[in-house]
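Engineer: Residue numbers (this note's numbering), protein chains in the order written: chain A, 11 to 192; chain B, 36 to 623.
Worth flagging that the hints you see were computed from the coordinates, not collected in a lab. Some hints here could point you the wrong way.
[As the list claims (entries may be wrong)] In silico PhoX-like links for lysine-lysine, alpha-carbon gap of 20 Å or less:
id	chain 1	residue 1	chain 2	residue 2
1	A	Lys79	A	Lys121
2	A	Lys79	B	Lys371
3	A	Lys54	A	Lys13
4	B	Lys264	A	Lys72
5	B	Lys291	A	Lys75
6	A	Lys13	B	Lys466
7	A	Lys54	A	Lys150
8	B	Lys237	B	Lys264
9	A	Lys187	B	Lys237
10	A	Lys187	B	Lys371
11	B	Lys371	A	Lys72
12	B	Lys374	A	Lys75
[Stated by the list, open to error] Some chain A residues flagged as far from chain B (calculated, every beta-carbon gap over 12 Å):
id	residue
13	Thr25
14	Lys75
15	Leu84
16	Ala143
By construction, the Cβ of each residue, glycine as well, lies at the ideal position given by its N, Cα and C atoms.
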Amino acid sequence: MDKKLYTVIIFSENTVGLLNQITIIFTRRQLNIETLSVSPSAIKGVHKFTITTFADEDMMDKVVKQIDKRVDILKAYYNTDEDLIHQEIALYKLSTDLFLKMKGVEDLIRKYNVRVLDINEDIVVLEKSGHYAETQALFKELSETIGVLQFIRSGRIAITKSKVERLSDMLSTMEKKLMENN
Amino acid sequence: MQKNKTDKENNEELSIVNCQLSIPGNTRISGSEALLKALIAEGVDTIFGYPGGQAIPIFDSLYDYRDQLKLVLVRHEQGATHAAQGYARVSGKVGVNIVTSGPGATNTITGIADAMMDSTPVVIITGQVPSSLLGTDAFQEIDVIGITQPITKWAYQVRKPEEIAWAISRAFYIASTGRPGPVVIDLAKDAQVGLVDYIYEKVDYIRSYQPVPDIDKEQIRIAAELINKAKKPLALIGQGVILSHAEEELKIFLEKADIPAGMTALGLSALPSDYPLNKGMLGMHGNVGPNRKTNECDVLIAIGMRFDDRVTGNLDTYAKQAQIIHFDIDNSEIGKNVKVAVPVWGDAKETLAAVTAYIQPAKHKQWIASFETDEQEEYTKVIQKELTPLSGPLKMGEVVRKVSEATQNDAVLVTDVGQNQMMGIRYFKYKRTRSVVTSGGLGTMGFGIPAAIGAQLGAPERTVCLFMGDGGLQMTLQEFGTIMQEKLPIKMIVLNNNFLGMVRQWQELFFKERYSGTILMNPDFGTLAKAYGMGSRTVEKREELGDAIKEMLEYDGTYLLVANVESHGMVYPMIPAGACITHIIMGE
């Protein structure tokens, strides 16, 4: 089967050591994690992991089931890019000297929708958010012209386009069960 | 050399001493005592353990609770985990260990991994250095949680005495529900000695953990429809049936639709050996019938088993003609190894009953009768030679069958790993469920002796027969001391061929008889048994075997029967690893 980029979205309880439990499941299947982003979710006490990896769908399905099975994982699922709105953020550190001498700075800023975060006599820091290809295109253009002193890109963050909210559905089912049992 | 202590360490010890002073009128108890109260609340009465620096407070508290909690002092922590496994497997209760930090904890790893592979409910409590020292490479500190996370259902470190009641109840809930498995609770020293107002906290709900899913009625209906249409159905029975106490539901299901069944190694004894629809064992050394029929049936109904490679052989040629229905409680097992037409996710006791309600009574007389040809072939080519040889040295199979018969086929079988295991599970017979304790998934040599200790304590009224090889016996030999101390009347049989027999078998078949690392020079096992106060006898001649077995079973106490069997014995039938399951070597 063909490998493509999948985004695995995992909701978990906020307990110590969960990242380790998740990554070992990728390791056992020899899957490289391309990007990883972890943050508290909209629901108090629930953490969200967003992980991208290249795999075939059969493998992705097995891996996600094994993640979902861990006791402290609330919900895990995977999506392809078509199902998602996703974004990454990148920072670029440049030499002020070269930046000021560069031709077409205004065009560059307009074309890439760049924000200038800081500027002093030594360095300029630009910020660009977008898909991987977009942040990469700016990096390429800058490094081929004035050079980039430092570059950093975040892991992917993503939300699904679908109406279905798998975590809230799961939580309400579990709460209903608890009520029924009591 | 005396280690220079830091101020921090001195303070630590001082605070420990302070905590242990009892203050009159204070109802607060130590974390260690809270741990024991929590264990008692979970119904624990037997603990397999070994003390050490960071577990001394727990063992000290145990001294006060020795009437309620029986401590079985093993001789090595690996033995503690296997004993807990044996105990859990025969009794259905959760097996419990208490060990110290560092090496105590790392010695339990093999047993924890074994319990994970074989879905055995055990709770392993490990001591840990005081929380102020965590992460500093303190004496006997090891990252138990990090090490055990991949091989446990849940691993949790307790740093405060207030967490103990909650953590223990949660541990038992997780270990024993859904697909059972091992849980590790790592208990920092300060949590053991700190004082707490103990309040029992029952955990029976975790919002991120759904042990038993709701039945999908639509899948039940589709499964039943497929079974109703089947002309040549075959059921594959795994340990899931035993774990969910679904033995009766299984019989009703099989009888109503008249479905023959093959058993996985761990599923053995879910149906009695002489049950007409029980067609024997699956897999590499299983029976010819169920293996061949797997590739002839039209509907394959897998119940509580996981299509292990030792069962399936080459997946590319496995049951390709059949539509597969997979009953399992673990969703991640469904579709993991084989393509499943109908998944039935749930507890086998419920799902089997639900499917049975929808199926039509059927008869598959001809299909079932077709097993007889395979049975006859296996009998002539393999079983007859193994069980009733006319001359030559003792065969492993005949020893096993004679012991089984002498117990009226009603004993608990415990095995080690290797040829003794395959011969044991092939030729022992079962009347009751939970009668087989063997290391399936991990295949742990050295499992036998400690597992038999647990099995005997878990089923004190039953006869426990342990079969082992001369190799595996010497891997956990030290547990003879535990058996002696606990006065356990285990009947042990060593099938001695002075070889690591199963590896030797592979070397004979696939490595041009180059016996690298498989020839053993052994001690006199009989003398060894005597050193531990056991009854013992060594047999080599067929004429003496029956009498020796009788003596063993009548002996009041532990007995080691040393059966010197043929040195180059082979376990047949055999499907070579990775071969198609119909590619069966009979050893003619």
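Engineer: Each hint: holds or not?
Structural biologist: These are the hints, each one checked on the structure:
Pair hint A:Lys79 plus A:Lys121 does not hold up; C-alpha atoms about 46 Å apart against a cutoff of 20 Å. Between A:Lys79 and B:Lys371, the direct Cα distance comes to roughly 13 Å. Compliance with the 20 Å bound is thereby established for this hinted pair. Between the alpha carbons of A:Lys54 and A:Lys13 the distance comes to roughly 35 Å, so the proposed pair goes past 20 Å and is violated. Proposed proximity of B:Lys264 and A:Lys72 is contradicted: the alpha carbons are some 30 Å apart, above 20 Å.
Proposed proximity of B:Lys291 and A:Lys75 is contradicted: the alpha carbons are some 34 Å apart, above 20 Å. With a C-alpha separation of about 51 Å, the suggested pair A:Lys13 and B:Lys466 falls outside the 20 Å cut-off, and the hint is violated. The hinted pair formed by A:Lys54 and A:Lys150 fails the criterion: a straight-line CA distance of about 40 Å is larger than 20 Å. Simply put, B:Lys237 and B:Lys264 have alpha-carbon atoms about 46 Å apart, too far for the 20 Å limit, and the pair is violated.
For the hint linking A:Lys187 to B:Lys237, the alpha-carbon distance of about 17 Å falls within 20 Å, and the restraint holds. Distance check on the hinted pair: A:Lys187 and B:Lys371 sit about 28 Å apart at the alpha-carbon level, beyond 20 Å; violated. Our distance criterion of 20 Å between C-alpha atoms is met by B:Lys371 and A:Lys72, whose separation comes to about 6 Å. Of the pairs offered as hints, the one joining B:Lys374 and A:Lys75 holds, with about 15 Å between alpha carbons and a cut-off of 20 Å not exceeded.
A Cβ of chain B approaches the Cβ of A:Thr25 within 12 Å, the least distance being about 8 Å, so the stated non-interface status is violated. Not every C-beta of chain B lies more than 12 Å from that of A:Lys75, the closest at about 4 Å, which undercuts listing it as non-interface. Not every Cβ of chain B is farther than 12 Å from the Cβ of A:Leu84; the closest lies at roughly 5 Å, contradicting the non-interface assignment. Here A:Ala143 stays apart from chain B, with its beta-carbon at least about 34 Å from theirs, past the 12 Å limit.
Hint check: violations occur at hints 1, 3, 4, 5, 6, 7, 8, 10, 13, 14 and 15; the rest are consistent with the structure.
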